[in-house]
Structure formats: C-alpha cells, structure tokens
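Protein chains in written order, with the numbering used here: chain U, 1 to 384; chain C, 1 to 384; chain D, 1 to 384.
It cannot be assumed that every hint is accurate.
Said to hold, decoys possible - One-sided excerpt, in silico: chain D residues whose CB lies under 7 Å from chain C: (1) H73; (2) E77; (3) L252; (4) A255; (5) R278; (6) Y282; (7) Q285; (8) A286; (9) P288; (10) L315; (11) P317; (12) F318; (13) W352; (14) E357; (15) W358; (16) S359.
The set of hints was computed from the structure by calculation and includes no laboratory data. In this text, all values refer to a predicted model and were calculated from it rather than measured experimentally. All C-beta atoms, glycine included, are put in the ideal place defined by N, C-alpha and C.
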Amino acid sequence: MSTDRVGASVMDGLVLTDHHCHGVAPAALDRAGFEALATESSWPPPAGTSTFDSQLGFAIRRWCAPLLDLEPHADPEDYLARRRELGPAEVNRRLLRAAGIGTFLVDTGCRPEELTTPKETAELAGGEAREVVRLEHVAERVAAKGTEPPSFAADFAEALAEAARSAAGLKSVAAYRCGLDFDPSPPSARDVERAAARWLGDEARAAGTAPRLEDPVLVRHLLWTAVELGKPLQFHTGYGDPDADLLRCNPLHLAGWLRATRGTGVPMMLLHCYPYHREAGYLAQAFPQVYVDVGLAVNHTGARSAAVIAESLELTPFHKALFSTDALGLPELHYLGAVLFRRGFGRAAARWINDGEWSRRDAERVAGLIGFRNAARVYGLEGP
Amino acid sequence: MSTDRVGASVMDGLVLTDHHCHGVAPAALDRAGFEALATESSWPPPAGTSTFDSQLGFAIRRWCAPLLDLEPHADPEDYLARRRELGPAEVNRRLLRAAGIGTFLVDTGCRPEELTTPKETAELAGGEAREVVRLEHVAERVAAKGTEPPSFAADFAEALAEAARSAAGLKSVAAYRCGLDFDPSPPSARDVERAAARWLGDEARAAGTAPRLEDPVLVRHLLWTAVELGKPLQFHTGYGDPDADLLRCNPLHLAGWLRATRGTGVPMMLLHCYPYHREAGYLAQAFPQVYVDVGLAVNHTGARSAAVIAESLELTPFHKALFSTDALGLPELHYLGAVLFRRGFGRAAARWINDGEWSRRDAERVAGLIGFRNAARVYGLEGP
Amino acid sequence: MSTDRVGASVMDGLVLTDHHCHGVAPAALDRAGFEALATESSWPPPAGTSTFDSQLGFAIRRWCAPLLDLEPHADPEDYLARRRELGPAEVNRRLLRAAGIGTFLVDTGCRPEELTTPKETAELAGGEAREVVRLEHVAERVAAKGTEPPSFAADFAEALAEAARSAAGLKSVAAYRCGLDFDPSPPSARDVERAAARWLGDEARAAGTAPRLEDPVLVRHLLWTAVELGKPLQFHTGYGDPDADLLRCNPLHLAGWLRATRGTGVPMMLLHCYPYHREAGYLAQAFPQVYVDVGLAVNHTGARSAAVIAESLELTPFHKALFSTDALGLPELHYLGAVLFRRGFGRAAARWINDGEWSRRDAERVAGLIGFRNAARVYGLEGP
Chain U
1 MSTDRVGASV
11 MDGLVLTDHH
21 CHGVAPAALD
31 RAGFEALATE
41 SSWPPPAGTS
51 TFDSQLGFAI
61 RRWCAPLLDL
71 EPHADPEDYL
81 ARRRELGPAE
91 VNRRLLRAAG
101 IGTFLVDTGC
111 RPEELTTPKE
121 TAELAGGEAR
131 EVVRLEHVAE
141 RVAAKGTEPP
151 SFAADFAEAL
161 AEAARSAAGL
171 KSVAAYRCGL
181 DFDPSPPSAR
191 DVERAAARWL
201 GDEARAAGTA
211 PRLEDPVLVR
221 HLLWTAVELG
231 KPLQFHTGYG
241 DPDADLLRCN
251 PLHLAGWLRA
261 TRGTGVPMML
271 LHCYPYHREA
281 GYLAQAFPQV
291 YVDVGLAVNH
301 TGARSAAVIA
311 ESLELTPFHK
321 ALFSTDALGL
331 PELHYLGAVL
341 FRRGFGRAAA
351 RWINDGEWSR
361 RDAERVAGLI
371 GFRNAARVYG
381 LEGP
Chain C
1 MSTDRVGASV
11 MDGLVLTDHH
21 CHGVAPAALD
31 RAGFEALATE
41 SSWPPPAGTS
51 TFDSQLGFAI
61 RRWCAPLLDL
71 EPHADPEDYL
81 ARRRELGPAE
91 VNRRLLRAAG
101 IGTFLVDTGC
111 RPEELTTPKE
121 TAELAGGEAR
131 EVVRLEHVAE
141 RVAAKGTEPP
151 SFAADFAEAL
161 AEAARSAAGL
171 KSVAAYRCGL
181 DFDPSPPSAR
191 DVERAAARWL
201 GDEARAAGTA
211 PRLEDPVLVR
221 HLLWTAVELG
231 KPLQFHTGYG
241 DPDADLLRCN
251 PLHLAGWLRA
261 TRGTGVPMML
271 LHCYPYHREA
281 GYLAQAFPQV
291 YVDVGLAVNH
301 TGARSAAVIA
311 ESLELTPFHK
321 ALFSTDALGL
331 PELHYLGAVL
341 FRRGFGRAAA
351 RWINDGEWSR
361 RDAERVAGLI
371 GFRNAARVYG
381 LEGP
Chain D
1 MSTDRVGASV
11 MDGLVLTDHH
21 CHGVAPAALD
31 RAGFEALATE
41 SSWPPPAGTS
51 TFDSQLGFAI
61 RRWCAPLLDL
71 EPHADPEDYL
81 ARRRELGPAE
91 VNRRLLRAAG
101 IGTFLVDTGC
111 RPEELTTPKE
121 TAELAGGEAR
131 EVVRLEHVAE
141 RVAAKGTEPP
151 SFAADFAEAL
161 AEAARSAAGL
171 KSVAAYRCGL
181 DFDPSPPSAR
191 DVERAAARWL
201 GDEARAAGTA
211 PRLEDPVLVR
221 HLLWTAVELG
231 KPLQFHTGYG
241 DPDADLLRCN
251 PLHLAGWLRA
261 TRGTGVPMML
271 LHCYPYHREA
281 GYLAQAFPQV
291 YVDVGLAVNH
301 TGARSAAVIA
311 ESLELTPFHK
321 ALFSTDALGL
331 PELHYLGAVL
341 FRRGFGRAAA
351 RWINDGEWSR
361 RDAERVAGLI
371 GFRNAARVYG
381 LEGP
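Make a model of the complete structure from these sequences and hints.
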C-alpha cells in the first residue's frame, strides 16, 4: 500500500489536542495583514515579492483553498478574494472546525485584544479550550496596575496563582526577554526587590506605560514562582520572530535549569525547538520532566514538515512528544498544523511500517500518544 | 511519472545565474593539484587515501567523466589521464559550456593570479560575467600600494568605489578574518585610524608585504563603507577551509548586523551556510534584506545535495534563495554545481508534486526564481 | 531492484570491526535495569511510561526478538520474560554471535566491574577483541593507588604507557569532565603540579576515595601525555548522558586542539558526534588526522538511523568514517548497532545506486572501508 494510504489509515479518526496555540483574528484582514500573519518576520517582504512564496504560503493555497470552495493551489489573489467574500466568522468557523482538534490549550499572553478568547476559539471549532497563562504578561499587568519593589514578589505570586487557578499550564518567553542562557538558580529576595526597583523605576513610571519585563533576575524569579504552582511550564525555544537572538533560544541552554528543577517534578514543555529539535529530543530523553513539540515548524516548513517531524522523533521518547500548532491569528494555521501533522507523522510511520521497522499497531499507539494522550496525562486533561 | 523525469521536466531549459563563483585554473594540474582543489582541506589526505573518495569525488567521476568521453564512474587515474590528454583549455571549455550557466558573478579576491578572469571565464562558457569585489582584498591592495593611518579610511573608500563601479556586488570574508560575531556598530573614525596604525605599523612595513587584514575594527569599517555603496553584500558563512573557526561562521552571529543594517535596504547575501542552512533560512525569512544559497555544499555533498537543497528551502522564502556554485579552479565544480542543483531542486520539487503538495506550475516558477530571477532582481542584472 | 535488496547485496558477507564499544552485563537484569541500559537518561522515565517507547525500544523488539525465538515486535513483557528464561549467558551469546562483528575495540574505562572484559566479550561473540584505554580512568587509578603532586605526571605517564602497551587505542572523556572547549595548549609542568595538588588535596585524601578528575589543566595534561604514545585517540563528542553539557560536546570546540596536534600525526577519532555529525564531517574533511563515527546515534535513532548515516557521509571522506556501536551492557546494542548500520548504509548506498549517482562497485568498496578497512588501517589491526 502507498505510504500515503498507510499513513492516512494510521491517523484515521484521531481527535487531536493542540497543547499550544493562540486565538484567531475575528476581524477581516487585508492582504498586508494576512501576509504579516503568515511569516515570522516583523516587516513586509521586499517590493515585488510576497510571503505567499514560501512553504507555508504554498501549503495554505494547497490545503486551505478547498475548504473555501476553491481549487487546490488557488492563486493568492483568488484565495484572499474568496476569504473576504465569506467573511472572517465563516472562514474561522470552516477552518477551525475542519482541523479535527478537540482540545485547545490557548496561550492568552500575546496580543489578546486582537484575538478570540479560548472560549470563543473553542466554540468556533466545536471543541474544548483551556488557558495557558504567560508569566511575563501577568507580571507586566501587575506592574501596570501598580506595585512597589518590596511588594512585587508577593503581588506577582498572588496574581499568578489567581490567573493559573483554572489554567492548564503556564508559559515563559524567557527566550525573547533575556535568552535561555540565564543563571538557573533562584534569585534572592533582595535581588528581586532591587531588580524590581530598576524595572519599576522613575523613568517607567513617568512614561505611564507598563514596562516590558526583560531583566534576567526578574525572569528567573517568575520561573521559580511558577515552579511552585506545580503546573506544566511551557518555554518558547527555537525560532520565532526576529526579536529574539536565535542562538540564545537553543533549548540546550536550559540544561542547568532542567537539572535544578528535576526534583520538583514540574513538567517542562519545550515548544517549537526548530532548528534545534534534535537537541530538544536529547533533552526529552535525558531528563524525565522534559517534553517537546515542533508545532510552529510544522506549519512553516509545509511540504518539508514530514521530514522535520521524523527528525524530532529520533531521540525523543514517544511518551514525551506532543502535537501543537502554535497557530496565531489565522485559522489556516490551526487547520494546516493538524493536516500537516497527520500527513507528516502518518507518512513517517507508514514508511517505517512498509520498511518493516515498526508494527502498524505500535504506529497507531504512538499517533495517539503524540496526538492527545501525552497531553492528557501531563496536563491532567480529561480523555475524549 | 518518476521523480527524476518530473524533476528534469521542471528544470527543462533553465539558464542559470551563478551568483557566486571564481575562475578556473588555466594551467594543467597534476594529481596533487587536482585533489587539492576537490576538498576544503588545506593539507593532503593521509597516505594511501585520496580525496576522490568523497561525495564530491564520486560526483566528478559520475557526471564529468562522460563530458570527457569516458564512462560514468571512470577510475580517478583514467579520469586524470584523459584530462591531461585533452589539456586544460579544452577541459575548461567543455565543462563550463555544458553547465548551462548564462551569467557568472565572479569573486576576484581569492588567488586571482592563478585563475581565469571573469571575462575569460565567461568566454570559455559562452556566457556573461560580472565581478564581485572582495572588501578585504581591496583594503590589502590599498595597504600594499602605500597608505597612512590617517588617510586609510579615505583611500579605502576611494579604492572600493572605483573597484565597485562596474561590479555586480561586494563580498566580505569577515568569517575568516575575525569571525561573524563582530560588534555590529560602525567604528569611530578615531578607532579606525588607531586600528590602521596597528595594522600598517612598523613590523608590517619592515616585512615589506601587504599585511593580512584581520583586525575586527577594520573589518567592521570595511563593511560599513561597503554599505554606503548600496550594492548587494555577500558574506562567507558556514564551512570552508580550516582557516576559519566554523563555530564563528554560524550566520546567526550576524543577527545584530542585520538589525543594524535593515534600514539601509542593502541586500545581504549569505553564502554556503552549511551546516547552518536552516539557521540561514530563518534569517532570510525574518529579515527583508537577507538572501541565502547553499552553493558550496551542493558540490561537496554530491549524492546528498538534494537533501541539503530541500532543507535549505524549509524556512527560506522562495524569493530569497539563489543558485551558486562557489566553484574555484576546477571547471568540474561549475558544471557539477549546475547539474546537482538541477537534479536536487528538481527531485525535491518532483516529490512535492507527486505527493500533491505543490503544483507543477509553482515548481517551475520557483525553479526560475532560484535559478536566475532572484539574482536578476537583487543584483539588477538584465534578464536573459 | 528494491533499495532493501540492493542494500543487502552491497553489505553481503561484510564482517565488521566495532572500533568503540563496551562489554555486556554477565548478570541477569530486571526490567528497571534493562530499561536503564536502553536510554542515555540517568533517571527512570515518568510513572506510567517506559523507555521501550522509543526508537531504540522499537528496534530491540523488532530485530532482537526473533533471535530469542519471538515474533518481531514482541511486547516488552514477553521480550523480558523470554530473556529471563534463556538467562544472560545464552542471550549474550546469541546476540553477540549474530552481530557479524569480527573485531571489538573495547573501552574498559566505564563500569568495568559490571561488564564482561574484552576477552570475555570476544569469546561470547566468536571474534577478537582489543582494549581501548581511558585516560581519565588510568589517572584516577593512579590517584587511588597513591601519588603526590610532584610525581603525578611521571606516575601517570608510566601507568598510561603500561596500560596502553597492548591496547589498540586511547580514549578521553574530556567532554564530560571539562567540556571540549578546553585550552588546546600543553600545560606547563608547574601548572600540572599545582592542579594535581588541588585534585589530590586534603579533602579528597580525607574522603579516602579516588577523586573524579575534572580539572581542565589535568585533562589537557592527560591528552598531551597520550599524544606522546602515538596511538589513535578517541574522544567522546556529541550527546551522551545528562552529566555533560551538550553545547560543550560539539566537536567543533576541538578545532584548536586539532590544529595544535595535526603535526603529530596522531589519529583523532571523534565518537558519536550526533547531533553534530555534519560538523564532525567537516572536521574529518578539513583535518588529515580526524576520523568520525555515529555509533551511539545509530542505535538510539533506530528506524531513523539510515538518515543519520546518510547525513554523516555528506562531508566525511569515505576513508575517514568508521563503524561502531558504543554498545554497553546490553548485547542487544552490539547486535542492533550492526543490523542498523548494515541496513542504514545499505539503504543509503542502494538509493544512490538506483538514482544513478554511485556505482555498485564503489558502494561495496565504501562499505568495506567503513565496515573494517579504515579501522584496520588506523589502528594497525590485522586484516580478516
């Protein structure tokens, strides 16, 4: 049987849990707005070029066009025209519903005012949603509401505990704020107070805006406070927008942190990881509390995502890999993330079956582990 | 249809632009001379072994032998004997002409006295050539001709502007001279003068030779002077000969430089990139002015080059990837670079077509973008 | 012909030399003990999971089960039950004998008291064995027997010369002890004496145990003493257990060491290398005295090992790649290492043959080079 047919049969009927995504844009998007959400760049491409000319752009035209009643590989113009014609609500509904994702763990810390809430996202999809709380976002809200250096630690702990009460997990963007090569030890109360004083100082106060939390002492303090709550802690690792220095997003920089927190038993969820997904696989094998995904990369590498998924499963134990989309803004990304994961894992597994390396039964079991069972176990979600 | 036939049909009739190569050796080469040009090593291989035992060596025997009227996979001895028999002029002509490269952008800063000029190279190939001017080479010629620390900056600016007048682009080997992890800010005039004084100092003067420019302050000064000219600026990145420290050739070290120069609009061309071609793809997606190739690696990885090309097209937008050979000395490298690119991109695209991920029309369009259109747009070359 | 049949025919009759492995456990293993030897982790996996759920676990069930009279893909429980039933001596004999390894170079410096000796290992396999002496182990024995700072250098030199007399090669675990980014220059006698004084100081003496040698000055001293003996020197590089910081195990950190020792002609054997096997391939091409393997990774990546082997042969000259298993404790690892290498190299070569890139004759010759001839040449072993 062809690998595609074997792969499809292995993945048949699998309802996924997306352990890391964002909401969709409820408003209509013009071409520039759409293209900006289909790249990790912070700037438009050069004159005369388009972000549609990328693996992600080709995958959108291939896989999403039919859901909008167009032929596969529809031209970008036609695709966007049809999108406008249907309107954002219908487009969001169609694509989210077709993804076959039953549970969404939604990070609410990135541009929440422009995106659907977890509840809205789930309703569009006909699924369930749980929140993932971003540490730095909570700290910045504490600062915006007003806090003093001596009380910042207590105020943050209270706000985080409150925000986390019904959340499935927590998330840190330390990678963007100070790099993953931070000192893994917990800072002293005195150091935290001093760092808070710098952060909340006169200049910020005068500006009247919530300052951006980038101080490594405070980032570490947030992380150690989060560990206290015992919930799975997600880390952005690997590539993302050009804000971050990719060399400092290598998850291997977390080795000291992982040694320091191993005894706590708190699951550490390494997100994205590309192009360090092999390194992440090593961490997932070496440290009992480490889990990995290649969510963002699956969408952006499009036709190449099967290869990336296969690489990510070299060292990663199969009880340590999770499905995610990291979709933000475009429901195309939720849908494609699911399609490409099914195709990619399916194709890898089918090749191993056809080559006589794996049994079909094992392949189906691993599909279930990565697709939803590992997430259910680690985040304590109810089964479908 | 087989992937090879689909791939060949996608690439059919494509006349390439090689946006980074060197000339060929006009003189006859003995075995040691030939082997030395078929490896990035600076030393002969161990006794009893041959550089022919490599992917590149196998590819030369496979693909170049028939152009010299031999069977594919001819023995190295027979290959070199036939090469001697035909003589360098005929071998250079046959291989260059068969490459299907219409335009050569030739870096003239590496051993120019041993290689054909851009004009000679183009004539052998029946194509066009444009020069790429190497910054460090210009600076070293300025020093050799005589300059003083206070006037070095002006003398270099004048010499570079003169050299660049008819050039298609500029090139830096900062990777070899001080590593890509240089401070990205422009040095002050005073710092440049001081660094020039050290470089041009008594010792160098006494030696009576053009000193090698390795000072990071001067390297940065060269780069910022080059940016003023507005022409595309090529950077050696990734592997090359063992002179450089490969860890410091990771193009991610350029992130600060790319942030600092984004506003200038000067295209930054990351050459080779291997084994950091995925990292380079991220930079090409993240920064509007960044372009990439995997030229050198395509030749040296031979039968594996299709895989390297496919990896390089994971994150790189298709308007940001370029074809190059980085061929130097051996016309085999110009020819093979073209053959392996056609086969490698063709095979990758054919697989995506056969798997239903890409349309054939898109594949043909992307082949044209990478093959010559992106180079034409970025370097302002006339179309074929 | 199918790639598998072509691959099998290329590898037909090849008797391998494993240039880096360890002994097997002569005692019976319970489930926890078996699982601990089937992962690079130092800790058990999370509750409810098993190290059998990994590429290595799947490969054991697939390939080793039939040698214990079970069906391929036997359940872990059944596999371990049958293993207990047969007893360790029979299991060790069956698996080692089936590996088709004629010569074992056995590192005796890791838990020797729990493993078979080189002689015992060879007898179980019906092959030959030679020892590989671990520098740090010898130094720690010297310290345990009693030495003084001023005499340490001489005592170590004498002990190493004695241990190395009949050894095939030497090995360093500098990667684990201080990282590969050590200063490559030889330390002065005075620095060595001072470092030895710190290492052998009162505290260690009071504890009455052989201290662990981690001082970078001493590690460098061991290495330079080893170079004097002229035997091939193996380095752990790339991943391994979580003791080491993987970022500092990147073999590229050895570039300075390789430059400093090139003139000595001592072969430098880079072991494992994953996920830096492409970087290692560059070093093997660039430096005449550098050799590489991907032994450990072949076992742990199981169904993906063909891809890893193919990647490792991009830049590595074919006279510079060696076969190894890095098997330790489980005879499954010796057997699987051989099976997966035969399948993986065979499949890669078969694809290149079928695609018209390599000739079959060349493929068979390269199989022999990697399989045993390169090891015979470098270690001065007698041919089969």
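We went through each hint and held it up to the structure:
For D/H73, the shortest C-beta to C-beta distance to chain C is roughly 28 Å, which exceeds 7 Å, and the interface hint is violated. The beta carbon of D/E77 comes no nearer than 38 Å to any beta carbon in chain C, farther than 7 Å, and the hint placing it at the interface is violated. Residue-level restraint check for D/L252 holds (minimum Cβ-Cβ distance to chain C is 5 Å; threshold 7 Å). Hint status for D/A255 relative to chain C: holds, with the closest Cβ pair at about 6 Å, below 7 Å.
Restraint check, D/R278 versus chain C: the minimum CB separation of about 4 Å is within 7 Å; hint holds. Hint on D/Y282 holds. Least Cβ distance to chain C is approximately 5 Å, under the 7 Å limit. Proximity of D/Q285 to chain C holds as hinted, the smallest CB-CB distance being about 6 Å (cut-off 7 Å). The restraint placing D/A286 at the interface with chain C holds, with a minimum CB-CB distance near 4 Å, inside the 7 Å limit.
For D/P288, the suggested interface contact is upheld, since its CB lies about 5 Å from the closest CB of chain C, less than 7 Å. Below 7 Å, beta-carbon pairs count as interface contacts, and D/L315 has one with chain C at about 6 Å; its hint therefore holds. Interface hint status for D/P317: upheld, as the beta-carbon distance to the closest one in chain C is roughly 5 Å, under 7 Å. Taking 7 Å as the C-beta cut-off, the interface hint given for D/F318 holds, the closest approach to chain C being about 4 Å.
At its closest, the beta carbon of D/W352 sits 4 Å from a beta carbon of chain C; the interface hint therefore holds under the 7 Å criterion. Among the interface hints, the one on D/E357 holds; its C-beta lies about 4 Å from the nearest C-beta in chain C, closer than the 7 Å criterion. The interface hint given for D/W358 holds, since its Cβ lies 6 Å from the closest Cβ of chain C, which is under the 7 Å cut-off. At about 4 Å, the closest approach between the beta carbon of D/S359 and any beta carbon in chain C falls short of 7 Å, and the interface hint on this residue holds.
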